[in-house]
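Respectively, the protein sequence lines represent chains A and B. Each residue of the first sequence is one higher than the one before, counting from 1 in the working numbering. Each residue of the second sequence is one higher than the one before, counting from 448 in the working numbering.
A couple of the hints might just be wrong.
BS3-like cross-link-like pairs, simulated, lysine-lysine; straight-line CA separation at most 30 angstroms [unchecked claim]:
#1 K508(B) - K343(A)
#2 K602(B) - K508(B)
#3 K65(A) - K508(B)
#4 K65(A) - K195(A)
#5 K65(A) - K518(B)
#6 K357(A) - K249(A)
With the Cβ distance kept under 10 angstroms, some of the chain A side facing chain B (calculated, not the full set) [claimed, not checked]:
#7 A55
#8 E66
#9 V428
Quick caveat, the hints were computed from the structure, so don't treat them as lab data. Backbone N, C-alpha and C fix where the C-beta goes; we use that ideal spot for every residue, glycine too.
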Amino acid sequence: MRSNSCPTEPDRCERGPDAVAYALDALTDAERLAFERHADGCSACLETAQASRAAAQRVRDALAKEPTRDLLPGILDRLPAWAQESAVADTTHAFLFRSRFALRAAALVLALLAGAVLTVRRPASRQKDHHAFAKAEPAAAVMEALRWLASVQGEDGAWHPESWGGRAEFETGLTGLAALTFLRHGDGRHALAAKATPRAAAFLLASQESDGGFGPTSSGRMYNHGIVSVALLEAYRRGLAPEAEPSLKSALNYLVAQQHDGGGWGYSAHPASRPNTSVSVWPLEALALGVGQGWTEYGAALEQGLHWLGSLANEQGQFGYWQTDDTADHAALTAMGAYCLFKTAGVSSAIPADRTKLRLALTRVADESAEGRLDYYRSYFVASAVRAGADPQNQPPLARLRDRLFQERSLDATHAGSWNPSDRWSGVGGRLYATSMAALALDAESR
Amino acid sequence: MPTFDDFSDTDLMRQVQRGRLSAFETLVRRHQRPLVNFFRGMGVYNDAEDMAQDTFVRLFKYRRRYRPTAKFSTFLYLLARQVWIDALRSRKRREAFEKELAEAKRRDDDALRSGTERKPDVELALRALSPAMRDVVLLSIGQGLKYEEISRVLKIPVGTVKSRMFQAMNRLRQELR
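Isolated chain A, as found in the complex (with noise of 0.2 angstroms):
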């Protein structure tokens, strides 16, 4: 619909409010079609939207300026006392995990529209995939993510998460832990954890710190920190990075350093980021694997580490984040706690938690971890800690994990071998975390 009343001089047509807000992408749809409807005649229109979106774009650039200072610190030292006091670094776990019924729901809705997306643009396919990997078997599906991570090793050794919907921060971390799960297979005597760890372990020793630390001095450090000594204890173990021991025994000091006097460990060293079990089953992992090298000196960090975890269990055998009632997503929790009391057994001289209780715990939760939402991480831990726990009564839910685990196979021919990132941690670890823990679970569920 072309108007021939509109005038020729730019500020002088009726409607040019109209035009600057739809310039600036300020109309409503309603107001916005309306518009350029009425813009389809009217050039004073068009040229005042042109012009006020390349003087919008110019004030934006203007006021693109970085501050000269960080405002940060100096806005921390004006808040009360009772604010500092209550800064806690690791407290994005607690929200999570005391929001998990928003979190549930939300992934829930995604999981529903992403089926419905999938049902209704590949109804076949996706019928056939799954009738496919119902057959599969485990271990032919982790050497497919196998050589899926195989194929997208950077030439340095590292994964790069930012290429595959992950944080850069994590990269030392998720290196970590895509060698960790060439290692896990086959206990890494195959040739492609011949060729990938090794070229992995260089780049990780290349970027420790001076302080035996690995990964950016971030919030996620420890995460890094624990998950990059594991996967080298466990390649120095193998024989894969026989060069690495004075690394690993600076790593191992480095953990002892960030230990907090209850025994567990934050996402920092200070005081103020409480110890919680997410972050501390890494550094008791790799100070068992320390000690199993017969490197004694770590048995008392490690004893410590232990003393405090069990701690954590209540009479139900649960176990908290920061404390015992802290319970709100036991089932991770659990899990997470019973796997490295499990599998410290070997190298601790106690347990320190009820033995019965912790399976009949974790038997709960690998029926509820079988039904839901998926959470790769949670999945990954209750399969090893089922597995340590050797109980053949949880290998049922184990099945059943192991059907949903395969439910969230890449469908895409160019992902194929992959996992979709779709869990609640993927936005951080993106597609290389999501595959390297789903294999590494089904892993721990088919040895």
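For this one, chain A is given, so just place chain B on it according to the hints.
Same frame as chain A, but now just chain B:
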């Protein structure tokens, strides 16, 4: 392996209301640059960063007043604008400040006329706007607020926002030619 960086502003504010300082730190890091530029755009140069700090301290102080139904940036810039107004009032220098702006503008205009300036400058162009026009430009273009949100921050009707924006853009286009 999550951090607060993945959270929306609204979710972060919920955490701040629960006393989580890490969430507040994430908000500061996320918004400090646009906030400082907001004050710079308002013509505050030497004190822009101090005023941004004041705004964040006020944000923490008034965190319980925030309702998740409102967009976080609306709440933040309500506070920022109040900080700006209070700063002018408390120093009893609103007039002096406006005078300073007017003088700066006159100097800039002189400079432009004498040809010593090589090209039109956005900061000069912003200074040429009236405070009322500058407000809407900075909130809309600088901070990406919708007209409705701006109307809430400035407590004026949406229609007024729209007409002020139109006038402001006409003026800016002339200044930036």
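Consistency of the hints with the structure:
no.	hint	verdict
1	K508(B) - K343(A)	47 angstroms, violated
2	K602(B) - K508(B)	22 angstroms, holds
3	K65(A) - K508(B)	27 angstroms, holds
4	K65(A) - K195(A)	47 angstroms, violated
5	K65(A) - K518(B)	24 angstroms, holds
6	K357(A) - K249(A)	35 angstroms, violated
7	A55	5 angstroms, holds
8	E66	6 angstroms, holds
9	V428	5 angstroms, holds
The structure shown violates the earlier hints numbered 1, 4 and 6.
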